[in-house]
Amino acid sequence: MTRVENVKERKPSPLSRFMPDEMAKRDGAGAERTYVGEVVESSTTELIAEARELHGGPSFGEFIRIEADLPVLGIIFNVFTHSIEPNRRPTAYGKTEEELRLEQPQIFELLRTEFQALIIGYLDGGAPVQILPPQPARIHSFVHLCTDEEVRAFTGNDDYLRRILNTSKVPTDELLIAVLRHTLRAHERSRDYLVRMGKELSRLMGDDYDRLSSVIRRVAN
Amino acid sequence: MLDLYAVKTQIDDMVVDERRVQEDFRAKLELALAEYRRWEPEWQTLATKINKSRTSWLLPGMADGLGGGVERPERPAEISIAATDGSQIFPDRHEVSSCFLINIGYILLHYGTGEKPLMSSKPTLYYREEEIFEEWGGRRMFVNRDLVGFKRSLMEFTELADLALAAKAEGHPVVALSDGTLILWNLEGKPQDFKESYLQTTLEAMDSLRDARIPVAGYISQPGSQELINALKLGLCPLEVADCDRCPWQAENQLGFNEDEIGAIQDDLWRGHGLPCSPLEGLNDAVLVSHVLSPGQRTPLYLSTSKILNEYGSHRIYYFYLDVGAEIGRVEIPEWVATDPELLELVHACMCDQADKGQGYPVALAEAHERAVVRGADRDTFYRFLRDTFVKNNIQTSISTKSFKKRYVGI
Chain X
1 MTRVENVKER
11 KPSPLSRFMP
21 DEMAKRDGAG
31 AERTYVGEVV
41 ESSTTELIAE
51 ARELHGGPSF
61 GEFIRIEADL
71 PVLGIIFNVF
81 THSIEPNRRP
91 TAYGKTEEEL
101 RLEQPQIFEL
111 LRTEFQALII
121 GYLDGGAPVQ
131 ILPPQPARIH
141 SFVHLCTDEE
151 VRAFTGNDDY
161 LRRILNTSKV
171 PTDELLIAVL
181 RHTLRAHERS
191 RDYLVRMGKE
201 LSRLMGDDYD
211 RLSSVIRRVA
221 N
Chain P
1 MLDLYAVKTQ
11 IDDMVVDERR
21 VQEDFRAKLE
31 LALAEYRRWE
41 PEWQTLATKI
51 NKSRTSWLLP
61 GMADGLGGGV
71 ERPERPAEIS
81 IAATDGSQIF
91 PDRHEVSSCF
101 LINIGYILLH
111 YGTGEKPLMS
121 SKPTLYYREE
131 EIFEEWGGRR
141 MFVNRDLVGF
151 KRSLMEFTEL
161 ADLALAAKAE
171 GHPVVALSDG
181 TLILWNLEGK
191 PQDFKESYLQ
201 TTLEAMDSLR
211 DARIPVAGYI
221 SQPGSQELIN
231 ALKLGLCPLE
241 VADCDRCPWQ
251 AENQLGFNED
261 EIGAIQDDLW
271 RGHGLPCSPL
281 EGLNDAVLVS
291 HVLSPGQRTP
301 LYLSTSKILN
311 EYGSHRIYYF
321 YLDVGAEIGR
331 VEIPEWVATD
341 PELLELVHAC
351 MCDQADKGQG
361 YPVALAEAHE
371 RAVVRGADRD
381 TFYRFLRDTF
391 VKNNIQTSIS
401 TKSFKKRYVG
411 I
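Those protein sequence lines, which keep their order, are chains X and P.
No gaps in the numbering here: position 113 of the first sequence is 113 in the numbering used here, and each next residue is one more.
No gaps in the numbering here: position 220 of the second sequence is 220 in the numbering used here, and each next residue is one more.
It should be emphasised that the hints constitute simulated quantities derived from the structure, not laboratory data.
One or more hints might be untrue.
[To be verified] Quick list of in silico lysine-lysine cross-link-like pairs, BS3-like style, CA-CA up to 30 Å: (1) X:K95 / P:K357; (2) X:K95 / P:K195; (3) P:K307 / P:K28; (4) P:K122 / P:K168; (5) P:K151 / P:K195; (6) P:K168 / P:K190.
[To be verified] Here are some chain X residues pointing at chain P (derived, C-beta under 8 Å): (7) P20; (8) E97; (9) R101; (10) E103; (11) Q106.
Here a beta-carbon is modelled for each residue, glycine too, at the ideal position from N, C-alpha and C.
Turn these sequences into a full structure, and let the hints steer you where they fit.
Here it is as structure tokens:
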């Protein structure tokens with residue numbers, strides 16, 4: 001009985017001939033993969049990845065790891081959703097997303113979520129290195145969310161904070177706060193970690209007391 | 001290079017002519033509407049005249065009269081729409097290879113279930129000797145644009161049938177939409193074996209759709225057809241049974257006057273005043289029907305009398321005009337849809353719904369087009385790809401000097 005069901009499951013669906021190759025494949029072996037995105041633009045300092053699911057990108061400030069011989073580590077500083085066709089832009093329908101999914105299902109095939117990450121280091125033989133990687137992440141490599149354990153291992157020291165503060169692309173303080181809220185959670189809001197982080201921050205922005213206190217207040221609450 | 005200044009003066013002249021045509025047009029339309037109203041209650045008399053007469057133009061077979069609009073039925077909450085469209089890269093003998101490519105776009109949209117739609121395209125490259133040469137009517141010929149066009153339309157239809165059947169096999173209630181006409185009138189005049197082969201493949205696809213009870217409909221946007229106008233023209237003919245070949249007015253004009261007079265009359269004829277049926281010359285059905293229907297409504301069914309349909313067997317094509325709000329569309333359906341009230345209503349409801357969703361044009365067909373389309377830039381990339389691959393594999397090629405000249409024009 002079980003055997004018959006298995007055979008039935010493996011039989012290709014009548015529609016598979018019409019599916020794009022990657023979709024037909026995804027239906028089979030790739031389904032259990034856990035990646036959140038795939039790199040589509042890559043440089044030494046930052047990358048852009050396409051989210052696997054629409055609206056399924058990681059959150060602002062989250063840590064990611066990119067599959068490679070020397071896995072690259074980054075933090076998300078921008079998530080955006082847009083039309084996949086340059087000459088077609090979304091227009092307002094006046095319907096809820098639920099209504100649109102039932103009655104205008106093609107819309108969701110024409111949108112794509114992408115995210116941008118700031119590269120902050122890499123893993124060498126499993127050990128975190130807080131230096132930019134020797135080679136950028138490769139296009140089409142898979143992006144994974146870092147586990148709490150990986151975040152804890154990487155944030156064993158705080159040199160990477162300088163990299164965030166030195167970047168000019170984003171509202172730096174906002175990114176810093178978002179990142180630290182993630183790391184604090186990964187450290188299970190440990191008091192030791194909070195104190196160490198506060199000290200590092202005061203070293204980095206000690207000349208601007210108002211800014212420092214604003215950051216610490218917003219991280220800790 | 002286009003001399004825009006020279007074009008501009010010609011456009012100015014055109015506008016003057018166009019204005020005169022439009023004034024003339026309004027008078028014609030009023031006459032057509034009056035005639036339509038006149039025949040509405042006694043359409044059977046007109047239908048009889050249609051059956052008896054022999055005209056040089058195509059007349060509609062009247063099935064349920066002229067009449068007003070049929071209201072839009074409600075669409076079932078859960079329904080899937082299948083659609084295909086095709087595009088091609090024509091063979092170009094100035095290029096490295098005389099191959100050609102057909103790209104088919106597939107769309108399967110599921111409504112009311114939230115299920116992920118299928119939107120894809122599949123290209124097929126034809127390059128083998130037996131693919132780029134075909135033998136029809138005892139003549140071996142290079143596959144030209146015309147033949148590629150036929151091949152593409154045939155593929156659009158057979159692939160649509162396969163897609164709809166696969167959807168049905170997965171348990172989806174489905175309606176199949178085809179872009180353009182279901183009447184293969186352009187097979188007329190082709191070699192007999194070519195015509196038979198194309199017809200047979202099309203009708204087999206039709207058979208499979210009928211057996212699975214999947215309604216199929218062809219949608220024609222901005223139809224230029226004039227069958228209803230032609231029926232009204234016949235109505236204007238004072239003869240009880242018209243025979244255009246022996247039209248007495250035509251004969252009188254040709255024979256009864258001297259040369260000067262003929263010149264004057266022919267000019268008059270050209271303006272559409274010469275024959276009893278001429279006052280309606282130049283109108284089309286869509287214009288007439290747009291004044292009869294309100295949004296969502298369709299006309300009664302008409303049977304197409306196109307000659308090719310004599311070979312369609314049980315799939316003879318009926319049509320109706322549909323006011324989708326933004327325009328009047330023409331919807332063509334095979335006999336087994338036309339005579340099955342449930343399927344007919346389903347087609348009517350889905351067509352309106354599709355046009356609503358696509359801001360005036362069926363959304364599934366629009367998306368199928370988007371998937372299928374091969375743009376100029378794609379074509380250039382394709383040929384660059386082809387040349388590079390040929391070179392990499394040490395295959396001797398040459399492109400014509402004409403093609404070379406088009407790309408690099410020296411001064």
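- Message: If you test the structure against every hint from before, which numbers come out violated?
- Response: Of the numbered hints, 2, 6, 8 do not hold.
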